[in-house]
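**Student:** Spelled out from the first residue to the last, the chains are:
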Amino acid sequence: MQTFFIVAILALGFLITFQIAKASEYVAVLRGYERSRKQTNKINGFMLLAFLIIGLIGVYYCNEKLKGKILGEPASDHGVLVDRMLYVTLAITFLVFIITQVALFWFSYKYQESDKRKAFYFPHNNKLELIWTVIPAITLTILVGFGIFYWFKITGDAPDDAMQVEVVGKQFGWEFRYPGKDGVLGKKYFKNVNPAANNPVGQIWDDRYNHDDVFVEQEMHLVVNKPVKLVIGAKDVIHDVGLAHFRMKMDAVPGTPTTMWFTPKYTTKQMKEKTGNPDFVYEISCDQMCGKGHWSMRGTIVVETQEEFDAWLASKKPQYYVANPDKDPSVKKDSVIASAPVTGAVINR
Amino acid sequence: MSEAMNVHSGVAAAHAVHHDDHGHHEQSFISKYVFSMDHKTIGKQFLITGMVWAIIGGLFSVLFRLQLGYPDQSFPILETFFGHWAKGGQIQPEFYYGLVTMHGTVLVFFVLTAGLSGTFANLLIPLQIGARDMASPFLNMLSYWFFFIAGIVMLASIFVHTGPASGGWTMYPPLSALRQAGEGQKIGTDLWLISMALFIVSSLLGGLNYISTILNMRTKGMSMTRLPLPIWAMFFTAVLGVLSFPVLLSGAILLLFDRNLGTSFYLSDIVINGEILPNEGGSAILYQHLFWFLGHPEVYIILLPAMGMVSEILSVNSRKPIFGYMAMLGSLFAIAILAFLVWAHHMFVTGLNPFLGSVFVLLTLLIAVPSAIKVFNWLTTLWRGNIRFTPATLFAIGFVSLFISGGLTGIFLGNSTIDIHLHDTMFVVAHFHIVMGVASFFGMFAGVYHWFPKMFGRYLNNTLGYMHFWVTMIGAYLIFWPMHYQGLAGIPRRYLDKKGWVSFNQFGELDKMITVVSIIVFAVQLMFVFNFFYSIFKGRKVTTPNPWGANTLEWTTKINPGHGNWEGEIPEVHRWPYDYGKDGRDFIPQTEPVGANESKH
Chain Z
0 MQTFFIVAIL ALGFLITFQI AKASEYVAVL RGYERSRKQT NKINGFMLLA
50 FLIIGLIGVY YCNEKLKGKI LGEPASDHGV LVDRMLYVTL AITFLVFIIT
100 QVALFWFSYK YQESDKRKAF YFPHNNKLEL IWTVIPAITL TILVGFGIFY
150 WFKITGDAPD DAMQVEVVGK QFGWEFRYPG KDGVLGKKYF KNVNPAANNP
200 VGQIWDDRYN HDDVFVEQEM HLVVNKPVKL VIGAKDVIHD VGLAHFRMKM
250 DAVPGTPTTM WFTPKYTTKQ MKEKTGNPDF VYEISCDQMC GKGHWSMRGT
300 IVVETQEEFD AWLASKKPQY YVANPDKDPS VKKDSVIASA PVTGAVINR
Chain A
0 MSEAMNVHSG VAAAHAVHHD DHGHHEQSFI SKYVFSMDHK TIGKQFLITG
50 MVWAIIGGLF SVLFRLQLGY PDQSFPILET FFGHWAKGGQ IQPEFYYGLV
100 TMHGTVLVFF VLTAGLSGTF ANLLIPLQIG ARDMASPFLN MLSYWFFFIA
150 GIVMLASIFV HTGPASGGWT MYPPLSALRQ AGEGQKIGTD LWLISMALFI
200 VSSLLGGLNY ISTILNMRTK GMSMTRLPLP IWAMFFTAVL GVLSFPVLLS
250 GAILLLFDRN LGTSFYLSDI VINGEILPNE GGSAILYQHL FWFLGHPEVY
300 IILLPAMGMV SEILSVNSRK PIFGYMAMLG SLFAIAILAF LVWAHHMFVT
350 GLNPFLGSVF VLLTLLIAVP SAIKVFNWLT TLWRGNIRFT PATLFAIGFV
400 SLFISGGLTG IFLGNSTIDI HLHDTMFVVA HFHIVMGVAS FFGMFAGVYH
450 WFPKMFGRYL NNTLGYMHFW VTMIGAYLIF WPMHYQGLAG IPRRYLDKKG
500 WVSFNQFGEL DKMITVVSII VFAVQLMFVF NFFYSIFKGR KVTTPNPWGA
550 NTLEWTTKIN PGHGNWEGEI PEVHRWPYDY GKDGRDFIPQ TEPVGANESK
600 H
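Sequence lines, in order, name chains Z and A.
Numbering that gives the first Met the number 0 numbers the first residue of the first sequence as 0 and each following residue consecutively.
Numbering that gives the first Met the number 0 numbers the first residue of the second sequence as 0 and each following residue consecutively.
No wet-lab data here; the hints were simulated from the structure.
For clarity, every value in this text was computed on a predicted model and none was experimentally measured.
There's no promise every hint is true.
The calculated label-pair distances, taken between Cβ atoms and stated as ranges, are [to be verified]:
hint: 1; chain 1: A; residue 1: Thr79; chain 2: Z; residue 2: Arg116; range: 56 to 66 Å
hint: 2; chain 1: A; residue 1: Lys537; chain 2: Z; residue 2: Asn125; range: 41 to 51 Å
hint: 3; chain 1: Z; residue 1: Gln305; chain 2: A; residue 2: Glu508; range: 38 to 48 Å
hint: 4; chain 1: Z; residue 1: Tyr60; chain 2: A; residue 2: Val241; range: 41 to 51 Å
hint: 5; chain 1: Z; residue 1: Val28; chain 2: A; residue 2: Leu214; range: 43 to 53 Å
hint: 6; chain 1: Z; residue 1: Leu14; chain 2: A; residue 2: Pro544; range: 31 to 41 Å
The beta-carbon is built from N, C-alpha and C at its ideal position, and this holds for glycine as well.
Take the sequences, apply the hints, and build the full model.
**Tutor:** Laid out in structure tokens, this is it:
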């Protein structure tokens, strides 16, 4: 019923608009086409000016309303650079925006058709053209210079003391692997992936670097003020590790590992205080279309102090022991003997 | 007949007589309106087909805007129409992604490529250069019918059981290469690829024709530097298309191979739904290079014709020459060249080598220089003019405004440092909709309002035209301006519901507003379509061959020109097309010889 009313109202609206439009054409014919055309011209000239003024007020209003809902303080050192670049660009482009839009609508209004004026024959002027070629070129050179300088800082090599975490995207969730005490991620091979045998990322158990690697899902833990290098991959389709608060982003591509590094500046707890939001949590969003669950492919990050992190990591059992309980020193000797036949069947390729 | 097309001015008269003989016999309905080889009719076919697709693509956007604005609300009517795709009156994720993908594909390729440059290149090239038709009218007809078949295949894909392709209009593998990845990755994606292949054939046939026509068939006196700017724009558009579409074709065919023949061009190390695939050694990123090697020039394929037409319309209606004709030409040329050298700016965060990234930053921001030149030249064209605000003029002014707004946000995205944060967010959506989508649409509307009298011998209703402009202009800014803020907050594209997120859930009211406005804007476009068809039959009749007082050749034909465009000899050209307001005269047509006492410019 409601739909019917909406359709009826729309149809009526169309009909009325159309009748007005038709009538205005008849009026134009009656009153003399030229005269009514000139009147319409004045109205539209005025409307253009009004659009400029109301539009600029709208731009201001929109900013007042929404500026509190965006960005917030960048939570990583690289994020500071990104935001600085953003605001420099914003300042320059906003200036250009105002100048050109005002010129466009003001000229349109000012030079609307009038019987008193003749158009000025002005086909070209080399000096003017040179000016507005050179000025944008210089401005852009500055922006490019800053941009590339920051870009190399952000994409350069991670510092030697950076911790490593492997991030793997899959439809529709995130998996993480920590290198453990040796600081080295063990080798993996995709054909070894076998969640049923507790090998979700396809680790090669023969590689001893794998023996202390810790596997977790959905929630990543990082240490505040300690650089972290993410080694990023994907199992099925392309995903993207989007970290809005850190202003970082990198695709997760199956078959082609990618990396990015940054240093978190604030712990989750500090961010809760800074944002005044007790529910604050660092989120990982998938930013690359990956299928029907793309919009809900969410992971979280806990940034904490070194002590908290160490305690958390210590509470996790290396995946090697989860997959091969017989090798686990914490499991009692007799239970290992009980499961002795499995020993030979170490899962590898 | 086609002999007569190879106009050589010396023998033009003889051919013209020959042509008139042919004009006498009655054409059947089929050869006149369906399988027509008249460039004007083919242009109209492109336009009307484009309009049908625009309504379909626009309707899709209204549907997914409903989901974005009212994620919790149930619309039972949707279930009535779409069944299990909108179970319980709510748009399901597969349906949502199908809609988004089709909206993008349809609008970018079928409407703004075929509908825009197909229409106006066909209509304007022979008329403005002084030719009887295209170099090959037959290929021209084929071009339309390949487009038509591509459309049929795409339309069919919407009705298959598993739904249309839903991997996004960019169709990145492995998502698009793996049937296991989702419903839309089944037969829908194959149909999408086949449709695109047909579309590319259409586009190439059209493009080659436009190039050869412009280079070979100009009338006497019509040197390249006397060409009106729309023709130059169409020329560069066609060159871009001819050089870049084959690359997309190769990308699409390799993808078809990966899907159906077990090759591994794009596939490596894949475990999907617990199934380990045998493919090794492919590169998913390769497709992105192939895609964007077309994809970026495609942006300019869409934009350049609009720029050309806007230049013409602004000049005619401000009764003043276009400012800096040679600079306009040079900037078109620069844009066309740079269009090929910036594609990887779509790939800054794919793990691209950072050094390569920095080169693309430089080249990308370089493109802002010719764009700035164009904007300043348009502004100066308006300056001290005597402007008539026809609906076409208003749309042209709107185009400049949108091009400025959308172009400036491009400076954010082209800078890789900022792109790290903004990549694939709503900021990108806002940016390209303003600069490429709405701006090109404005160029297209401007063209339709301006050349409608030439197409049909009648005017569009002005009052409806003004309403159309103002609602669309205000609506476009209301929809896309605040959307930038969502992107700055980091909200990714293609998120159909943000309730599950702590960081992205603060724009509920804004999303509602955008949805309401987009429905209104869509309704007004329907009003334009009504105006269009009503005016073809009932519009006010054009009574003078040159209603806008314009210099270009199309206005020297009869009000309703027949096949062959000019009765008798093709006019000779003596000057550039922008002598408005010169020596105290309102306008001096291109056909008028240069007077002895005329001032030089």
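**Student:** Check each numbered hint against the structure and report the violated ones by number, ascending.
**Tutor:** Result: no hint breaks.
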